[in-house]
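A.B. asks: Given these sequences and hints, build the entire structure.
Those sequence lines, one after another, are chains A and B. FYI, the working numbering numbers position 26 of the first sequence as 26, with every residue one higher than the one before it. FYI, the working numbering numbers position 291 of the second sequence as 291, with every residue one higher than the one before it.
No lab work stands behind these hints, which were simulated from the structure alone. Don't take every hint at face value.
Here are the simulated lysine-lysine pairs, DSSO-like style, with alpha carbons at most 27 angstroms apart [what the hints assert, rightly or not]:
1) K104/A with K351/B
2) K206/A with K155/A
3) K515/B with K206/A
4) K351/B with K96/A
5) K155/A with K515/B
6) K162/A with K149/A
7) K162/A with K515/B
Beyond 10 angstroms from chain B on every Cβ pair, some chain A residues (computed) [what the hints assert, rightly or not]:
8) N47
9) E65
10) D137
All C-beta atoms, glycine included, are put in the ideal place defined by N, C-alpha and C.
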Amino acid sequence: MSTQPTILVIDDEMQIQRALRKILSEHGYQVEVAATGEDGLALAAANPPDAIILDLGLPDMDGAEVCEKLRAWTQTPILILSARDNQRQKVIALDKGADDYLTKPFGIEELMARVRVALRHGAHINKTADPVVKSGDVEIDLARHIVTKRGEEVKLTATEFKLLAYLARNPDRVLTHHAILDAVWGMEYVDQVEYLRVYTRQLRAKLEDDPHDPRLLLTEPGVGYRFSMA
Amino acid sequence: MPNNISLCAGAKRGRSLTRMLPGNLAYHAQGMMKNSGRRFVVALALVSAVTSALVLLQEMRGAWFNPPIVMLAYLLAISLITQWTGFYPGVAAAVTAFLSFNFFFIEPRRTLLVSDTADVITLAVFLVVGLVISSVMARARRSAIEAEQRERDSTRFYELSLVLISTRDAGEIAQTLAERLREILKATVEVSLRPDPQTPPIIAQSPAAKLPATPPSQTEAVKSARGDFGEIRIWRAKPLLSGESRLLRTFAGETALVMERLRTAKSEMRAAVLEESDRLKTALLGSISHELRTPLAAISAGAEGLRSGLISPNSDAGRETLDDVREASQRLTRLVNNMLDMSRIESGALKPDREWADLSEIASGAALRSRAEAARHVMEVDVPESLPLLPVDPVQIDQVFTNLISNSAKYAPPGTRIRILARVQDDAFARVEVLNESPHIPSEDLTRIFDQYYRVTNADKVMGTGLGLSICKGIIEAHGGKMWAENRLGDGAAKDRGFAFYFTLPRTWNGASPKMPPPEV
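C.D. replies: Take a look at the structure:
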């Protein structure tokens, strides 16, 4: 079927290539595989995919560089695969435009969930965003600046709302500290992770059933935050 | 010149210096009169002085004045002169004395002619006796000088040996050697020693100022039959005397022996360390291969079962098998991660990626994720939200909590509490406690539990690599904190159980506290 979404896998490890090809095609996706960053970029240009799965440990090119080059001309969602120990590289790739990450080894369910989110996000690119975001019993009306939990309005400060709205506009995506601080507080505050800690704590206290076991605002340790739609 | 002064001072002390002559004075005299021309001048000047005194006495025509007295006075002078100035100046003095005797005191006077046959014999005997005295005295003098020299050498050598024996440090040896040689030889000295043939040499010099640009005037290898240990380089305008060269060689030889001992001791120590780490590695391999084999067996059996069709993937048994495979591969992942972390801690490559983090969030997150592992325990997290943000690597600190919870769950009896507490300790540190109800351990083991592979020794009881706690300690120390454990009195009735892990974390980051956002209205 030509309507099948195409996913481009850029990874040099044969076993991962084979596993991803099998898993993804069984879930009804068309799969293209490239073993190097160079090939990946060429394939992406020749046959624009609906989403890209990119390994950060490529033989020829830094994963962040691949992200940067892709982002020069396409907004196709990029899901990066990283080893556990290159936290920095992961954050850089996310800052360069990657949408999400998975740490190897990962489970299939986790992978498929991320792929679905990525595709949904990709499909939303050209549409006007839904002004009301719902997650669990929380509703955020982005246009009217109203937040309710179980139908009751929750009073937020201006900054709290700005932060929540930015996260909610990018649901199920990892947003780096840098990106959030830039969007909410501005360029000169991008290193002020303290601000994020304080405000997410305040938001959780107001919105989560158990602030210590958050379901809405998830922390990605060392990376950033994720607004969960689940 | 100081040496001249010491000679004059010695001469002024008159006869009392006879005792010293074979010793210091002779040595100093030799040192001072390296120039043999000067020694001849001294010898001839002394003979002239004696002659003048005798001529004066002759003028006074004392009744007691006669040629034998003149002869004896000359012989005394010759023997003293030889003693001070050596053989050849002594011979010159003897010949001069012979001529002066003839010229001033033998008839006819003021000529070198001799009229009386008896005087010819007297003069001949005088010359021979003078020469014999010269040679005997010169030999005595030489051996006295040598004895003195040897004594000084052996004293210096003994002093050096004492220093060399008392140290195990090649740098100190090189420095001592350079300083001693500089003192003794009055030269610029550089010593380079190689305690290990693979590493660059350790270099010491004295004085500390810049070395001359010219090549050294003398070099002496520090080597023994079993190896080359370096070199001593000397810069001095005047070449070394034979005694000084001998001393230099002796010092070099002794240093070579000490270096040889040092090298042997080092390789023995290295061998012992290697043996110990080998033993540990073998033990670890044993433990790890056991740890690896169990999940691998589960994965392999599961895959085989499904592949052969014996188990249907869609049956309950199939799903159970797949769950087992997944769980086993997760365990393998954990194991490999632990080993990677340990090697990173060991090589110093584990650097915390700090950010201002919320410890209560990290602790609750770790507790939540450990729910399955600590399912039979009651988890409590008591980290007040008022606790300031801490500059930590949240991923690493999460791992510390996870490992401590996992350790607690392994050893504490089911149904007991595992508690995480955190408080501000002082301006500099926050303190975290992870408390459980595990049995007490012997107090001497309280530090050893953080040693790598420690529990390898009683590996049969509990699963694990024995790396968890040493990883925790490595992470905390990389953060600038401390970690330790204590037995404590348990809750309720149990007096023999109750265990606490403690660690501290710094509150500041490069001296700075967290910058909190301005309050909103």
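A.B. asks: Would you mind marking each hint as holding or not holding in the structure?
C.D. replies: How the hints compare with the structure:
Restraint check: the Cα-Cα separation between K104/A and K351/B comes to about 21 angstroms, which is no more than 27 angstroms; the hinted pair holds. Proposed proximity of K206/A and K155/A is supported: the alpha carbons are some 8 angstroms apart, at most 27 angstroms. Between K515/B and K206/A, the direct Cα distance comes to roughly 23 angstroms. Compliance with the 27 angstroms bound is thereby established for this hinted pair. A distance of roughly 24 angstroms separates the Cα atoms of K351/B and K96/A; the hinted pair therefore holds under the 27 angstroms criterion.
Only pairs whose Cα atoms come within 27 angstroms are accepted, and K155/A paired with K515/B is accepted, the gap being roughly 25 angstroms. Of the supplied pair hints, the one linking K162/A and K149/A holds, its CA atoms being roughly 17 angstroms apart against a limit of 27 angstroms. Restraint check for K162/A and K515/B: satisfied, since their Cα atoms lie roughly 20 angstroms apart, inside the 27 angstroms limit. Listed as a non-interface residue, N47/A keeps its Cβ farther than 10 angstroms from every Cβ of chain B; the least gap is roughly 34 angstroms.
In this structure E65/A is separated from chain B by more than 10 angstroms, as the shortest Cβ-Cβ distance comes to about 21 angstroms. Distance check for D137/A against chain B: the nearest CB is about 20 angstroms away, which clears 10 angstroms, and the non-interface claim stands.
Violated hints for the displayed structure: none, as all numbered hints are satisfied.
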